[in-house]
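Protein chains: 2
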Amino acid sequence: MRVLAKELAAVAASKSVEKVEMKGWVHRVRELGGVSFVMLRDRSGIAQVVVEGKADLTLETVISAVGVAAENPKALGGAELRAEKVEVIAAAAPDLPYPVNQDPDKIGLDVILDNRPLSVRNPKIRAIFKIQSTIIDAFSSYLRSQDFTEMKTSKLISGGTEGGTGLFEVEYFDTKVYLAQSPQFYKQTMVASGLERVFEVAPAYRAEKHDTPRHLNEYVSLDVEMGFIESERDLIELEKGILTHVFAQVAEKNAEELALWNAAVPTAKQVADAPIVGHDRAIELAAEEAALQKQGGKKAFEINPEVERLICSWSMREHGTDLVFINEFPRRHRPFYTYPLDAARTMSFDAIFRGLEITTGGRRHNVYAELLEVLPKFGLKAEDLSDYLSVFKYGCPPHGGFAIGCERITQKILGLPNVKEASLFPRDRKRVRP
Amino acid sequence: MRVLAKELAAVAASKSVEKVEMKGWVHRVRELGGVSFVMLRDRSGIAQVVVEGKADLTLETVISAVGVAAENPKALGGAELRAEKVEVIAAAAPDLPYPVNQDPDKIGLDVILDNRPLSVRNPKIRAIFKIQSTIIDAFSSYLRSQDFTEMKTSKLISGGTEGGTGLFEVEYFDTKVYLAQSPQFYKQTMVASGLERVFEVAPAYRAEKHDTPRHLNEYVSLDVEMGFIESERDLIELEKGILTHVFAQVAEKNAEELALWNAAVPTAKQVADAPIVGHDRAIELAAEEAALQKQGGKKAFEINPEVERLICSWSMREHGTDLVFINEFPRRHRPFYTYPLDAARTMSFDAIFRGLEITTGGRRHNVYAELLEVLPKFGLKAEDLSDYLSVFKYGCPPHGGFAIGCERITQKILGLPNVKEASLFPRDRKRVRP
Numbered sequence: 074m075r076v077l078a079k080e081l082a083a084v085a086a087s088k089s090v091e092k093v094e095m096k097g098w099v100h101r102v103r104e105l106g107g108v109s110f111v112m113l114r115d116r117s118g119i120a121q122v123v124v125e126g127k128a129d130l131t132l133e134t135v136i137s138a139v140g141v142a143a144e145n146p147k148a149l150g151g152a153e154l155r156a157e158k159v160e161v162i163a164a165a166a167p168d169l170p171y172p173v174n175q176d177p178d179k180i181g182l183d184v185i186l187d188n189r190p191l192s193v194r195n196p197k198i199r200a201i202f203k204i205q206s207t208i209i210d211a212f213s214s215y216l217r218s219q220d221f222t223e224m225k226t227s228k229l230i231s232g233g234t235e236g237g238t239g240l241f242e243v244e245y246f247d248t249k250v251y252l253a254q255s256p257q258f259y260k261q262t263m264v265a266s267g268l269e270r271v272f273e274v275a276p277a278y279r280a281e282k283h284d285t286p287r288h289l290n291e292y293v294s295l296d297v298e299m300g301f302i303e304s305e306r307d308l309i310e311l312e313k314g315i316l317t318h319v320f321a322q323v324a325e326k327n328a329e330e331l332a333l334w335n336a337a338v339p340t341a342k343q344v345a346d347a348p349i350v351g352h353d354r355a356i357e358l359a360a361e362e363a364a365l366q367k368q369g370g371k372k373a374f375e376i377n378p379e380v381e382r383l384i385c386s387w388s389m390r391e392h393g394t395d396l397v398f399i400n401e402f403p404r405r406h407r408p409f410y411t412y413p414l415d416a417a418r419t420m421s422f423d424a425i426f427r428g429l430e431i432t433t434g435g436r437r438h439n440v441y442a443e444l445l446e447v448l449p450k451f452g453l454k455a456e457d458l459s460d461y462l463s464v465f466k467y468g469c470p471p472h473g474g475f476a477i478g479c480e481r482i483t484q485k486i487l488g489l490p491n492v493k494e495a496s497l498f499p500r501d502r503k504r505v506r507p
Numbered sequence: 074m075r076v077l078a079k080e081l082a083a084v085a086a087s088k089s090v091e092k093v094e095m096k097g098w099v100h101r102v103r104e105l106g107g108v109s110f111v112m113l114r115d116r117s118g119i120a121q122v123v124v125e126g127k128a129d130l131t132l133e134t135v136i137s138a139v140g141v142a143a144e145n146p147k148a149l150g151g152a153e154l155r156a157e158k159v160e161v162i163a164a165a166a167p168d169l170p171y172p173v174n175q176d177p178d179k180i181g182l183d184v185i186l187d188n189r190p191l192s193v194r195n196p197k198i199r200a201i202f203k204i205q206s207t208i209i210d211a212f213s214s215y216l217r218s219q220d221f222t223e224m225k226t227s228k229l230i231s232g233g234t235e236g237g238t239g240l241f242e243v244e245y246f247d248t249k250v251y252l253a254q255s256p257q258f259y260k261q262t263m264v265a266s267g268l269e270r271v272f273e274v275a276p277a278y279r280a281e282k283h284d285t286p287r288h289l290n291e292y293v294s295l296d297v298e299m300g301f302i303e304s305e306r307d308l309i310e311l312e313k314g315i316l317t318h319v320f321a322q323v324a325e326k327n328a329e330e331l332a333l334w335n336a337a338v339p340t341a342k343q344v345a346d347a348p349i350v351g352h353d354r355a356i357e358l359a360a361e362e363a364a365l366q367k368q369g370g371k372k373a374f375e376i377n378p379e380v381e382r383l384i385c386s387w388s389m390r391e392h393g394t395d396l397v398f399i400n401e402f403p404r405r406h407r408p409f410y411t412y413p414l415d416a417a418r419t420m421s422f423d424a425i426f427r428g429l430e431i432t433t434g435g436r437r438h439n440v441y442a443e444l445l446e447v448l449p450k451f452g453l454k455a456e457d458l459s460d461y462l463s464v465f466k467y468g469c470p471p472h473g474g475f476a477i478g479c480e481r482i483t484q485k486i487l488g489l490p491n492v493k494e495a496s497l498f499p500r501d502r503k504r505v506r507p
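Just so you know, the protein sequences line up as chains A and B, in that order.
Those letters in the first sequence? Residues 74 to 507, per our numbering, in order.
Those letters in the second sequence? Residues 74 to 507, per our numbering, in order.
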């Protein structure tokens, strides 16, 4: 019977003398007084395997060890396997080019990403993606509980949804198409279909040349769209519901992974207490906060990364939470489909979490005649958007939605300095492999 | 209080005289003796709203109707809303270019797909995607219950995984990359990372020029990979577990949607009874079946669509199930990474469901030296696959996996003639919109 690392202590405590098998990777080997201590890594964790004599195993070799489970307060997890037989399942070459068992904090980001097939074997790095898996599951399961339907839409589109810039071009048989920046129009189409409530988890693409710790050219977008809303405040309520569930699930399922990063998720109260601040007021508050922190305090012109950092710092001080919703963005800062609040402002919002924008969303235009009026102001022509416009011409309720950047929320939960660390195989301007 | 169509009967049965609101789309209007019967469609279904006088509502207009819920055995669902006030939320233009409320069976496929934003409003078409949502959820939740981790990998790769043909080229800044045909190498990398068990739900791309009822150029691939297996039989067991759960969930959550298509999912017993037939034997059985059906009975050279149809017909007769696993494909029919059974055959399999291949999978090479030997036979060079090979050079257990085509299993559950019907926004050689 195979026993996983996390199960070993319970088997040892049962005092069974039956032999068990463990399988996994040689994470570390220590020799001491004629005995070898092999740290065996499997999908559940790491456990100590004690082998008589010299183990003679290269790091990362996959082995099977058969023996008796025994309690040992000094061993990791309080138990060890006293091996009677160790077999090599797949040997690892001795010239390991990446130190799998070292703390990645001491290793440069490029080295980690260049060697991803090996660096992801490190338990601390693997923990990032265990948590990401929980985030995706919790996002989806919460929305299903609220009567949302999951959809999968094409990532190959014949034109841009946000104005046409920043698109990757694809050679598609005898024509050219583009990689979708978001499922924006498809989400709206499906709300208008009568499904009313939809979500999608899928890649999104931005052909932007930036190389910053907050951008990826390919990312996983957690997209939501909902019909019959009044304003962006309904969406903020929905996002609070999602985040509460996501954080609770990560806390419950990934306690070990959080501990490896010395990280904690916000409490349900912190999500509930997240303030909603108007765009202009947020800029003022950020300037006041900067003055308080003796950083000058000059007012910014827009919500930039520094404002995002400062507004969370203000919120933590004033409301005990570093989740903030900024709403009522100016019309010129938002895409054409954003619903106006008045002549200057829109029913839109961003969610800022621990100093980083993780969500952009808002109510959308749903009235055909209003859309036709708005298009020319954004340099768009109705004839280029006929598929899209047909959704509104034939009955579309008030609706809106948002997207959570999956890598960004992962990054901020764990306190990773760079969003690329939260992408398994990140793509940036220079990185297209592995 | 808003009441959904599916809730109306219960509200009516409670004999409450409180006024309720219904919101939705005008699906159909019938006038009779000074009264209008408006069929209102919302995310839950359709309900009858009775309005005094002429309703004067165009089809697909979004309305709010306030009134009293009343039992009426003659109405759909046994209840109706007797409206006192009807308001237009969003009017639909009267020139509806697609007949939303007509049975799509009478409408050509191109018309349906060209008008997707409207055709998807049809309840029978919408049902396809409600079921697809359940399939994705059931696939994921079953695997999570078996200790699998969900992963999201890049769809932009620097080279082909299956030999380099059939790839879409992407202009990526100053270089060219390709759309991934599958997450094959990434799945294997993550198994070897020690996660052991991973799955991914993501788009996959094939730049093949075929235009058949069974092919899409972009599809949703339900991918699985698992470590520490012995042969493809372990994978077939896993797929049986997945399919049993998927079918049970669809039966439980989508009874109405199945009824619209007059469709039924296989029983758990039918999945359990699915035979495993060797590749060569499958071809023989298909020939015998063809003879029995008086269709000649000439032996095919490979598993082609006709053999797939015939083997399911044989299985239904012999085993009472039209799910069949074909294993032990010849080495020349499988990619280089497939693990050999002997000189001629591989530890590989296909799942054939209701006459269509829905899955391809198998055990993979995991021993570095064996991979190096195999590559030249497939015209591949180790130096072009250095990232991939590093996975095996440093310890990778025996493993394997498979992928289920999400649109194909949806198609076969519902008996759709063309797989494009099971894709929300299908892409084929000529179709890149909507």
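To be clear, the hints were calculated from the coordinates, so they are not data collected in a lab.
Among the clues, some could well be false.
No copy labels: a pair is met if it fits in one copy or bridges any two.
[Stated by the list, open to error] Within a straight-line C-alpha distance of at most 30 Å, the following computed DSSO-like cross-link-like pairs (lysine-lysine) qualify:
1) LYS450 with LYS179
2) LYS372 with LYS88
3) LYS313 with LYS203
4) LYS371 with LYS503
5) LYS197 with LYS127
6) LYS503 with LYS179
7) LYS503 with LYS454
Outcome of the hint check:
{"no.": "1", "hint": "LYS450 with LYS179", "result": "neither (51 Å within a copy, 42 Å between copies)"}
{"no.": "2", "hint": "LYS372 with LYS88", "result": "neither (68 Å within a copy, 60 Å between copies)"}
{"no.": "3", "hint": "LYS313 with LYS203", "result": "both (22 Å within a copy, 25 Å between copies)"}
{"no.": "4", "hint": "LYS371 with LYS503", "result": "neither (35 Å within a copy, 55 Å between copies)"}
{"no.": "5", "hint": "LYS197 with LYS127", "result": "within (28 Å within a copy, 68 Å between copies)"}
{"no.": "6", "hint": "LYS503 with LYS179", "result": "within (23 Å within a copy, 52 Å between copies)"}
{"no.": "7", "hint": "LYS503 with LYS454", "result": "between (35 Å within a copy, 24 Å between copies)"}
Against the hints set out earlier in the document, violations occur for numbers 1, 2, 4.
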